[in-house]
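Student: With these hints in hand, go ahead and build the complete structure from the sequences.
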Amino acid sequence: MDYFEIFGLPRRLTLDEGALQRRFYELSRQHHPDFHQGASPEEQARALTTSALINAAYRALRDPIRRIEYLVRLEEGRDAKEGDGINPKAAPGLLAEMFEIQEALQEAKGGCLDEASLATLRVQRDGLTARCRVEDARLREALAQAWDTAAPAERPAALAVLREALATRAYLRTVIDDLNQVLGEGQEQHVAHHRH
Amino acid sequence: MSRIIGIDLGTTNSLVAYVDEGTGLPCVIADANGEVLLPSVVSFTPGGILVGRAARRALVRAPGSTIYSVKRFMGRGFDDVRDELRYFPFTVRATDGLLRLVAGDREVTPPEVSAVILRSLRERAEAHLGESIEKAVVTVPAYFNDSQRQATRDAGRIAGLDVVRIVNEPTAASLAYGLQRRRDGLIAVYDLGGGTFDISLLRVKDGVFEVLATNGDTHLGGDDLDRTIQVMFLDDIQSRHGVDLGGDAEAVQELRLAAEAAKIRLSTEERTVVTVPFDGFVYQREISRRELETLIEPFVARTLQPCRAALIDAGLGPADIDEVVLVGGSTRAPLVRRRVQELFGRTPHSQINPDEVVALGAAVQAHILSGGIDHMLLLDVTPLSLGIETLGGIVSVLIHRNTTIPTSAKEFFTTSVDGQRVVDLHVVQGERELAKDCRSLARFELSDIDPMPAGMPKIEMTFLIDANGILQVTARELRTGKAASIDVRPTYGLAEADVARMVEESFTYAEADVEARLLIETRTEAETVITHVERALRQAGDLATADERVHIARGLGELRQAREGTDRDLIRDKTTELNRITARLAEAMMDAALRGALGRSGAPALEGPG
Chain A
1457 MDYFEIFGLP RRLTLDEGAL QRRFYELSRQ HHPDFHQGAS PEEQARALTT
1507 SALINAAYRA LRDPIRRIEY LVRLEEGRDA KEGDGINPKA APGLLAEMFE
1557 IQEALQEAKG GCLDEASLAT LRVQRDGLTA RCRVEDARLR EALAQAWDTA
1607 APAERPAALA VLREALATRA YLRTVIDDLN QVLGEGQEQH VAHHRH
Chain B
250 MSRIIGIDLG TTNSLVAYVD EGTGLPCVIA DANGEVLLPS VVSFTPGGIL
300 VGRAARRALV RAPGSTIYSV KRFMGRGFDD VRDELRYFPF TVRATDGLLR
350 LVAGDREVTP PEVSAVILRS LRERAEAHLG ESIEKAVVTV PAYFNDSQRQ
400 ATRDAGRIAG LDVVRIVNEP TAASLAYGLQ RRRDGLIAVY DLGGGTFDIS
450 LLRVKDGVFE VLATNGDTHL GGDDLDRTIQ VMFLDDIQSR HGVDLGGDAE
500 AVQELRLAAE AAKIRLSTEE RTVVTVPFDG FVYQREISRR ELETLIEPFV
550 ARTLQPCRAA LIDAGLGPAD IDEVVLVGGS TRAPLVRRRV QELFGRTPHS
600 QINPDEVVAL GAAVQAHILS GGIDHMLLLD VTPLSLGIET LGGIVSVLIH
650 RNTTIPTSAK EFFTTSVDGQ RVVDLHVVQG ERELAKDCRS LARFELSDID
700 PMPAGMPKIE MTFLIDANGI LQVTARELRT GKAASIDVRP TYGLAEADVA
750 RMVEESFTYA EADVEARLLI ETRTEAETVI THVERALRQA GDLATADERV
800 HIARGLGELR QAREGTDRDL IRDKTTELNR ITARLAEAMM DAALRGALGR
850 SGAPALEGPG
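Protein chains in written order, with my numbering: chain A, 1457 to 1652; chain B, 250 to 859.
Hints were generated in silico from the structure; no laboratory data involved. Bear in mind that the values here come from a model prediction, so they are computed numbers and not experimental data. Think of the CB as a built atom: it goes at the ideal place given N, C-alpha and C, for glycine as much as any other residue. There are no misleading hints in this set.
Restraint ranges, calculated between C-beta atoms of paired labels, are given here: (1) Gly814(B) x Glu1498(A): 54 to 64 Å; (2) Leu683(B) x Ala1552(A): 32 to 42 Å; (3) Leu640(B) x Thr1630(A): 13 to 23 Å; (4) Glu1597(A) x Ala749(B): 52 to 62 Å; (5) Thr1630(A) x Leu506(B): 49 to 59 Å; (6) Glu1597(A) x Leu553(B): 32 to 42 Å; (7) Glu1498(A) x Ser696(B): 25 to 35 Å; (8) Arg489(B) x Gly1583(A): 52 to 62 Å.
Looking from chain A toward chain B, a few residues come up when the C-beta cut is under 8 Å (computed): (9) Ser1484; (10) Pro1489; (11) Gln1493; (12) Leu1504; (13) Ala1512.
Tutor: Structure below.
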């Protein structure tokens, strides 16, 4: 049973998040170990694994980006854990653009950057963060809809587009993380995981 | 189903609660003297084990055999606590990664000490409810790791309690609030206790309490504030009286308790005077709230970063939070309230007593588990990422932090050498990339693998974190379908055999005559009063009238005599009597002390920074 099936949903990327949450709560009320405390050990063990499965399904589907990652894994028939399988990869155009930043990053790691260069890196970091947001929005909206409306024959192409966008996004986030580290600015500058 | 009680096993105080079937409401259980809070202090005296108030009194007399704040040592390794050991009057040793506390002439593990506290609460509940109690829900800080949770469960077993659920303290608090007012929204629970700090963000909707993120620091609490004040006192005594009391364990404990009391008073008063009599001089110090706040500000600041991190993990901003709830005695400090208000832009509240709310919530969860409540459901998360060490010491994360529990992850392993029969695994918890920077939980040894060429066996391991936040691991070889045998070596925990032995040994304490223990407690109390009165006479005898001095001398003599006997009631009566006779003298001493302090309050040495 895949995660979409657990919630009785079609394999679609646009979904009613409110309804998903209600269904998650309903299933949890049925299966959570708290409500099976007096049951036999076998039933308790079943409640535990079922509940773990429901939680995993909800975690994968409630967040639009994780939902796409899960769908790509599912369509490709890979049984991988969260975060696996999408290697950070820049689109060819992006790679050339990144060359300068990567070089500055290397220098900074060696500890030889002046205030002005750091300021430039900061501007670049903010630019990439904005770009990452745009990429997120494109994935969540246009690309997700494209998948949902694709005819069966168009699906492999739609899937490839999703996959590439995920790889670009992962790449951007890695560079942003590196920049933040060099700039000594922690997590707070991160593009927070969109959730609700 | 038999009754399940709810226990808040705190760093400073512990409590027990249950849900009254008649009203459906949770209530805390008081002891015979009407006291709800049981100080989490255990004293190992030659005559027997003391717990609670009696043990707390023993702190000043027998600091070397009295254990407090044991929660800080639960599930810990020596390296975790090395830095703070100098502040504790008891010695701590580590053998095989397991901490042992030296109390007098015996060595005890932290779970055994916690078990004494749990047993006392269990007996209290049994006396109150008139039935035997075998099951409990016990709370822990949300940020407790697997070892700390296991240690808590072991403590329950040693105390003869089946810990049917470990619940996170802030979530328990939210249940207590949720039962009271059914209102939906996003709630932040800020829990600053005696030794630990937690922040939990929850979505409450239609009776479901869904934790979105949690963060914290299991070594940050009221204890740290007391210690800072105590260190300031020690320095002050050194400069004003030229005495270094740092090495005097009894004096340090007196100052620690005085620091705690002053901190508590300064939550409601602008300034207060601390008076601690020592042999040869009386230490007096006025302290203002401003001065206190300067001292504790760094600790309060340390709580804000986890709050921000939790907000980020939940994908929320401070403005999204509908309600901020304060839990734990340390949140009574006005500075804490101000900083929390600034962070969330909203007035925090603590309508339910912050000392009791966690125990009440534990009782609610106990009631849910026994089927008494079916409209409420708690969905908690695991606070720390769980991973395994891979090549080069890098951690491969299997379960991310803030994942709703129960949760499970599968991982496949194989062999690297032909005929290899054993595979070793190192499981860690934490957010760092290198295994050595994370918390080592256990090493697993998969053995009895059928000899095959390298890479042929396919072993599937399932890591499951249950609703207690505790890890369970199973493994099977996929080709044969055979369950692999796993040997677990917990890095910082008790082995199964240790727990069984401790359960056995604990029966001998349990069988010890209750009357004998009560006698010890009464004698201890008498001894404390005698010590205090003798010291008062030495230092301020001139404040007493001639008549009083005669009375006091007679009272002292009678109590000393009663103390030698075994008539508990007589000892108690004589103790009360001596307290009564000396009440006026005590007041006169306090007055004199206050006059002294206030009279000199213009002197720079007594001024705070503000």
